[in-house]
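Once you've looked at the hints, dock chain B against the given chain A.
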Amino acid sequence: MALLELRGVSKRFGGLQALTRVSMELEEGKIVSLIGPNGAGKTTLFNTLTGIYRPDEGEMRFLDRSLVGLKPERITSAGISRTFQNIRLFSHMTVLDNVLVGMHARLKTSLPAILLSLQGVHEKEKGAQHRAMELIELTGLSGRENEWAHQLSYGEQRRLEIARALAAEPKLLLLDEPTAGMNTSEAQSLMTLFKALLGRYVKAILLIEHNMRVVMGISDCVHVLDYGEKIAEGRPEEVRHDPRVIEAYLGQGSWVEHARS
Amino acid sequence: MKSVGVTIGLLAAILSSFLLAIWFPQSLFAFLLFEASLIAIYYSSIQRKVKLWLGALVLLWLMPILGFINGYYLEVAIQIGIFVALALGLNIVVGFVGLLNLGFVAFYAIGAYLWAIFGSPQANQFIAGGLFPLSPNWFFVFLLLSIVVGALTGTLLGLPVLRLRGDYLAIVTLGFAEVVRALVNNLDKPVNLTNGPRGISPITKPPLFFQPVLEFIGVKFSEAQLYPLYFYFLILLMVCVIVLVTRRLEDSRIGRAWKAIREDEVAAAAMGVPVVRMKLLGFAVGASFASAVGVLFGAKQVFINPESFTFMESIGVLAMVILGGMGSIPGAVLGATGVTVLNLQLLKGLSLWLNGLRQSGAVLSLPLLGSYPLSQLPAQFEPAKYERMVFGLILILMMIFRPQGILPPRREPRK
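Those protein sequences? They're chains A and B, same order as listed.
Mind the numbering: the first sequence is residues 1 to 261 in the working numbering, read in order.
Mind the numbering: the second sequence is residues 1 to 415 in the working numbering, read in order.
The shape of chain A in the complex, shown without the other chains (with noise of 0.2 Å):
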């Protein structure tokens, strides 16, 4: 059974059509990537999946239960999380501070609880911190995190993003250009992070990348997305030859068939 299923998703903003009928399926243990030119709706779908969006048409099933219509706090219960395309950390929050907001659902300690001050709050407080500080670790952030968020440099910050969306606890985590403005060796440890995550973080995960490098190290399948609509799916070595993919990347022309020779 598909952890996630997308059947005919559109969504439309006034005249424009961001998305097209999109369908996809998401196996489990999978690493998938969502890949597609500047505009063609990669971050409109995840915007959806989540439930910023709603989607005009089409079914999202997310482990047998449909996902249109739910809030984005909800659709992240349910054991979707993100990060940004443009870092939205909550900068003048603490690294540590940062990772558990991400509990907030996993954390279930009452109002009354809170102001009483009951043991129990304290113990789930000290385990949730306990967690979080694991995924800090993990993340290769650990020493940063009494700083504020803002203080960090830009890798880090997105390893921050990272560490905060696995703190919900996700059985898919979608990834919204992770390496964007990094070098060939912070996304090569990126790379080997997420395949670290697979099995025991999480699920399975779904990438918006540029970066071709990544996209074809680490994806067992990649998606094309073009204006909208889904052109291509495939291995990543079958989708590089696509000749649709190449076309919509390059446009058409006798100067493609110099380029693809």
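Because the hints were derived from the structure by calculation, they are not lab data.
Owing to the predicted nature of the structure, the values given are computational and were not obtained by experimental measurement.
Take the hints with a grain of salt, since some may be wrong.
[To be verified] SDA-like mimics (lysine to any residue), calculated; alpha carbons at most 25 Å apart, straight line:
#  : chain 1 : residue 1 : chain 2 : residue 2
1  : A       : K108      : B       : E250
2  : A       : K71       : B       : V161
3  : B       : K51       : A       : L116
4  : A       : K71       : B       : E263
5  : A       : K108      : B       : T155
6  : A       : K171      : B       : V266
7  : A       : K126      : B       : R410
8  : A       : K71       : B       : V266
9  : B       : K51       : B       : I406
10 : B       : K49       : A       : S117
11 : A       : K124      : B       : E250
12 : A       : K71       : B       : L159
13 : A       : K108      : B       : V266
14 : A       : K126      : B       : R411
15 : A       : K108      : B       : D251
Chain B in isolation, oriented as in the chain A frame:
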């Protein structure tokens, strides 16, 4: 060893400023020094336990003695307490959740009128039977009730405006406060609920349930002496509870969710924070603080009217939160204390001094411009008018040189 030295030094500073304030009961300076000793305690590098003991010494023992000698000091302390509680409430909404609220005083008014109406003969106007005013013992019931009513009205205001952010929300809250004020101003007809602009009086004071105990141990206080002390301890207790509640919330998942919403609402929702519920909770908690303080304010003043709940009050409390440092509990406390002391003591002192100069017939002689007798100063330059101007200047300078406030939130390493 070092901390022992610091403790002794602090004790010496506290006691000397205390004695100074006793010897010169009229001296503003001595009292300010005494107040400053509290800040010194907060900033000193000693153990938390020692700090708490020193703070308790000042607040629970020395301050009441001082207030007994000069009643005005106690009045100032009560005012400070009221504003500290209000600032802490607003700090939750503005500082933690990041929702600009320009009408916070509405909740304060709701609390004050809640007790004023039922704690005075006013309620007889619309409930037959001559049951009112309620007995003083009901004060505490209404204090609890005001928390519920405040939370409810906070939620009610929150519900329709949750979609709004920033400037739009600020305008709506401003409107809400004006609606509340217009309501209390006009609800004297057709049914006289609030007695309109004439206000409500006399409002029942809280019960002196401890009087038998005092008599038993042989302490004799007149009611006029006892009530200020009583209100002082009540507001002190209230502030302590509010600080404790705020601290616990801040360090919990709720406080983190609030701050996450402040920083980035979309990201907060994507991390599983129920944004709507958390915003409502923030509104409710802040409003319930203000409303509870309102009950106490009404009982202390004995008389209230809509004039006490103007837009300027909301702005004043907001200025306290911003000056102190948004999102910081010590900041809100210090901001409220600072602004209240400034308004009640420093600026009043300044205008008294200037007035004194004027009446003494002092002559201002400026080089080149010649001399000018101050007594001929036109009415437009009356010293009382400088109060607001100096306050405004301080606000401007603060925002230029320290926009994050006096005590911005710190990143405290967790234990």
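Now for the hints, and whether the structure bears them out:
Simply put, A:K108 and B:E250 have alpha-carbon atoms about 16 Å apart, close enough for the 25 Å limit, and the pair holds. Note on A:K71 and B:V161: the hinted pairing holds, with a Cα-Cα distance of about 18 Å set against a maximum of 25 Å. Straight-line distance between C-alpha atoms of B:K51 and A:L116 comes to about 23 Å, which keeps the hinted pair within the 25 Å bound. Proposed proximity of A:K71 and B:E263 is supported: the alpha carbons are some 19 Å apart, at most 25 Å.
Proximity of A:K108 to B:T155 is assessed by CA-CA distance (about 23 Å); at most 25 Å being required, the pair is judged to hold. Proposed proximity of A:K171 and B:V266 is supported: the alpha carbons are some 21 Å apart, at most 25 Å. In summary, the hint linking A:K126 to B:R410 is supported, as the alpha carbons are separated by about 21 Å, within the 25 Å threshold. Taking the CA atoms of A:K71 and B:V266, the gap is about 11 Å. The hint holds against a cut of 25 Å.
Restraint check for B:K51 and B:I406: satisfied, since their Cα atoms lie roughly 20 Å apart, inside the 25 Å limit. A hinted pair counts as satisfied when its Cα atoms are at most 25 Å apart, and B:K49 with A:S117 qualifies at roughly 19 Å. Distance hint between A:K124 and B:E250 is fulfilled; the C-alpha atoms sit about 16 Å from each other, no more than 25 Å. For a cut-off of 25 Å, the pair hint linking A:K71 to B:L159 stands: about 17 Å separates their Cα positions.
Of the pairs offered as hints, the one joining A:K108 and B:V266 holds, with about 22 Å between alpha carbons and a cut-off of 25 Å not exceeded. Taken as a hint, the A:K126 and B:R411 pair is honoured in the structure, with Cα atoms around 18 Å apart against an allowance of 25 Å. Proposed proximity of A:K108 and B:D251 is supported: the alpha carbons are some 14 Å apart, at most 25 Å.
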